[in-house]
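Participant: Sequence:
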Amino acid sequence: MLKFAVYLLFPLLFSVTEAQPGFISLDCGGVEMYTDDLGLEWTPDDQFIFGQTANISIPGENRKQYMTLRYFPADNRKYCYKLKAKTRTRYLVRASFLYGNFDNSNVYPKFDVSLGATHWSTIVISDVNTTEVRELIVLASSPTISICLSNATTGVPFISTLELRQFNGSVYYTEYETQFFLSMSARINFGAESTDPVRYPDDPFDRIWESDSLKRANYLVNVAYGTEKVSTVSPIFVDIGERPPQKVMQTAVVGRNGSLTYRMNLNGFPGFGWAFSYFAEIEDLPSNETRKFKLLLPGMAEYSKVIVDVQENAQGKYRLYEPGFTNISLPFVVPFAFSRTFDSTRGPILNAMEINKYVQINYGSPDATVMESFVSHFPLADWAEEGGDPCLPAWWSWVQCNSDSQPRIQSIVLSGMNLSGNIPSELTKLTGLVELWLDGNSLTGPIPDFSECTNLKIIHLENNQLNGEVPSSLVDLQNLRELYLQNNLLYGSVPSGLLNNRNLILKFTGNQNLHEGSSRVNLVVRYCVIAVSVILCLGLLLLFYKRRERFCMRKNKLSGANDITNVQPSQKLVSFLTDAAAETTHTFTYAEIEEATGKFERRIGSGGFGVVYYGRLNNGKEIAVKVLTNDSYQGNKEFWNEVSLLSRIHHRNLVMFLGCCRDQGKRILVYEFMHNGTLKENLYGPLAQERSISWIQRLEIAEDAAKGIEYLHTGCIPTVIHRDLKSSNILIDKNMRAKVSDFGLSKFAVDGSSHVSSIVRGTVGYLDPEYYISQQLTEKSDIYSFGVILLELISGQEAISNERFGVNCRNIVQWAKSHIDSGNIQEIIDPSLGVNFNIESVWKIAEKALMCIQPHGSLRPSISEVVKGIQDAITLQRGLNLITIDSPNGTSRDSMHSSINVDPLDMAASEPNIPFNDNILVPVAR
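Numbering (mature numbering (1 follows the signal peptide of the UniProt record, and there is no 0)), first residue to last: -19 to -1, 1 to 907.
If you are wondering where the hints come from, they were derived from the structure by calculation, not from laboratory data.
Source: prediction; values computed, not measured.
The reader is advised that the hints may include incorrect statements.
Below, in silico cross-link-like pairs of lysine to aspartate or glutamate (DMTMM-like), each with a Cα-Cα straight-line distance of 25 Å or less [claimed, not checked]: (1) LYS602 x GLU691; (2) LYS210 x GLU223; (3) LYS210 x GLU283; (4) LYS275 x GLU223; (5) LYS65 x ASP363; (6) LYS798 x GLU808; (7) LYS728 x GLU751; (8) LYS798 x GLU846; (9) LYS65 x GLU223; (10) LYS65 x GLU174; (11) LYS298 x GLU158; (12) LYS275 x GLU209; (13) LYS210 x ASP183; (14) LYS273 x ASP183; (15) LYS273 x ASP290; (16) LYS67 x GLU223; (17) LYS228 x GLU174; (18) LYS45 x ASP177; (19) LYS65 x ASP184; (20) LYS798 x GLU662.
Quick list of simulated restraints, FRET-style, between CB atoms [as the list claims (entries may be wrong)]: (21) ARG859 x PRO279: 14 to 22 Å; (22) ASP177 x HIS800: 25 to 33 Å; (23) ARG859 x ARG462: 42 to 50 Å; (24) THR435 x THR16: 26 to 34 Å; (25) TYR154 x THR435: 41 to 49 Å; (26) ASP430 x HIS837: 52 to 60 Å.
C-beta atoms are modelled at their ideal positions from N, C-alpha and C, and glycine is treated no differently.
When you get a sec, could you build the whole thing from the sequences and use the hints?
Facilitator: Shown next, in the form of structure tokens:
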């Protein structure tokens, strides 16, 4: 039988050789110990017996640790490894994930990885053969480090390898390490002689130094002309600072024409980071030549004032010089350069670079220590072995927690879990506890004093072997609503305060020596409550049947028939929509519509559905009147579909529906008037000739539209799938705020199903290719369409064009993706935007658009994730004023921070404020 959870409390007693002190290498899914080609000793994780293992085979992949993996159920639990560590010691924690289509489902997994209660990373698999690697530098605060997998959005959580590497001395020391972990974003070996990484044994800490020759989209592009690789075989003194390996420092790039320039994406940014460069002079310079240069970061002039003279700074050739910033605010897309000074004869040199992002530590629930002590009473129980924090990143399966940032346990459910012995006293210390279910066990001893648990509402202790008296302290629990004590060995009198509590359901039968005492008031009260309840129920039942009879009579009258059993199923649907909508929708007469529109004088739009006219009601309200011309059954269905939907859903970012008209055989829909037309007209229609909408306006329009879709996807039950999102269905009001319109093709998602089988409907250019092929509609089809709209906002180009996208390319998706993947985003930015935009903000939207148009729906983000990405882009565009907070110790040692005159556009609103000091103009050299 599979264990309930990973054996977290089992200490990892893996053998560690003297050559690899503090190293743990777990081959997840492996079955034997072995030593790999690097000399690293790998141990199988089969002592963690929960979870399933799988073998995979990837062409060209011959590393044994990547031929197996371990995976876990896609449920609400977390699955954790618990590694032994030395307290107050720094470690590198590395996890890797190689999918290999191990489950033969081609559903690319997406799940979270956490270190203890701290969210580390979201793993998004986008390719069968690509290994995702995550590294975190942590200061161990306890004798164990827990790494947990949880929250699978698609597929199942899995892991290929898990590694722990111990650092020595002050390597990676920061004065903020008790508040923040360091998450690796880039560790680059410049001038590398091959694409292979440098790691153990060349690096005694087994860091992975990635070759600058490794080609990836948007990674180390825009390389300056004249950049050359140089190398040496001479030893390099590296025994200071972070101690990069000699092999890394023996290679470099130099700028023969006076500069080194690069641009790259930084995973996890924008945000605060730790960034260091590694220099060593490895060229023989004549005595009359010098190499001086400075760092250039566009928009961040404060970091460009210090001149580097490697040989002088390092106090000689072949020695490490390590300048950097222990705190710097960086964007997602980072362009940087090293440029020769006017008095230098040689261009700059760069051997290596390392950038980490600060991840704020979440120390989890205040109840964690108490719960660790509680589960220690049950060392052999499966449920007691889930490990990690009881509330974060996911609850233990038998607890529920509140939503505070430091969550408290609210509910414990251990019914029928074979618990024995006394009720552990730790439970009485859970001050946030609301529900306690310990029924159906073999618990003995007295009921403890729960007076500290003032929030308790429900206590179930029935069907145990508890003895002793019912404690009077239970009377003091003012919120108590259920107390079940039946079938125990309790004795004495039930406290009168419990018996007389009219708000309490109290049960204590089956305790032979337990009696009520002299109070009988509660019995009278209960009988009265029961009698009143019965009368109320009978009254409500009678009212229900009368209303149902009236509704049925009205429905028969509206449908024109007394018997609908012979009506076709599709006709039944339209009839149902008609009747339901008629109940709730305002109906205009045709005469009212004619008067409001001046007999349809002003035409403001048209399409396959019909024509839209401007109108004004008697109360002065401006309206848009859509007159449908499609007389087919499908057209009638779409009309009533829209009426039914819009009469039920209301949101500030959905166009307001005012009513309909069915007089004289007409089918007319009436909406609020949107003064600035459609997004399509503003981007590349007639309105675009009159004015250009700015980048911040485009972002706000995107946010408004995304929030409207978010309401459809998450605020409606069941979910509403729009099915025809496009720029012509996003309308803009007089304040340039956007609303989503046109729900004629929308469908409800089926409860309990991941898709709706549907005849493919939609608009070419916006149509989800996966939906087109499978005819299985999901909300991710809307996400694809919205991704196309984001590309329109960036480029000002329409979704389909026979002329604008070049030879053999009619689709904006193919055209834009080719430029974005090559890092050439300037080619797709709408020229009408001029220079009034922040390039990082545009990149943020471009990256989000690429995620939305992924070929497989399972890889696309949720609309809530899209909203967050747009809001981040807005933050980048608008900018933030950063807050300065003094260093905890009042010194300026080893730190630089970004609170004065740093380009505020590089800072995300959600980033934590780190208490760094003011000395930012001089980089730290180690």
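Participant: Could you run down the list of hints and mark each one as holding or not?
Facilitator: Comparing the hints with the structure gives:
| no. | hint | result |
| --- | --- | --- |
| 1 | LYS602 x GLU691 | 28 Å, violated |
| 2 | LYS210 x GLU223 | 23 Å, holds |
| 3 | LYS210 x GLU283 | 29 Å, violated |
| 4 | LYS275 x GLU223 | 21 Å, holds |
| 5 | LYS65 x ASP363 | 21 Å, holds |
| 6 | LYS798 x GLU808 | 11 Å, holds |
| 7 | LYS728 x GLU751 | 17 Å, holds |
| 8 | LYS798 x GLU846 | 20 Å, holds |
| 9 | LYS65 x GLU223 | 24 Å, holds |
| 10 | LYS65 x GLU174 | 37 Å, violated |
| 11 | LYS298 x GLU158 | 33 Å, violated |
| 12 | LYS275 x GLU209 | 18 Å, holds |
| 13 | LYS210 x ASP183 | 20 Å, holds |
| 14 | LYS273 x ASP183 | 30 Å, violated |
| 15 | LYS273 x ASP290 | 5 Å, holds |
| 16 | LYS67 x GLU223 | 20 Å, holds |
| 17 | LYS228 x GLU174 | 10 Å, holds |
| 18 | LYS45 x ASP177 | 18 Å, holds |
| 19 | LYS65 x ASP184 | 23 Å, holds |
| 20 | LYS798 x GLU662 | 24 Å, holds |
| 21 | ARG859 x PRO279: 14 to 22 Å | 19 Å, holds |
| 22 | ASP177 x HIS800: 25 to 33 Å | 30 Å, holds |
| 23 | ARG859 x ARG462: 42 to 50 Å | 49 Å, holds |
| 24 | THR435 x THR16: 26 to 34 Å | 58 Å, violated |
| 25 | TYR154 x THR435: 41 to 49 Å | 44 Å, holds |
| 26 | ASP430 x HIS837: 52 to 60 Å | 56 Å, holds |
Checked against the numbered hints given earlier, this structure breaks hints 1, 3, 10, 11, 14, 24; the rest are met.
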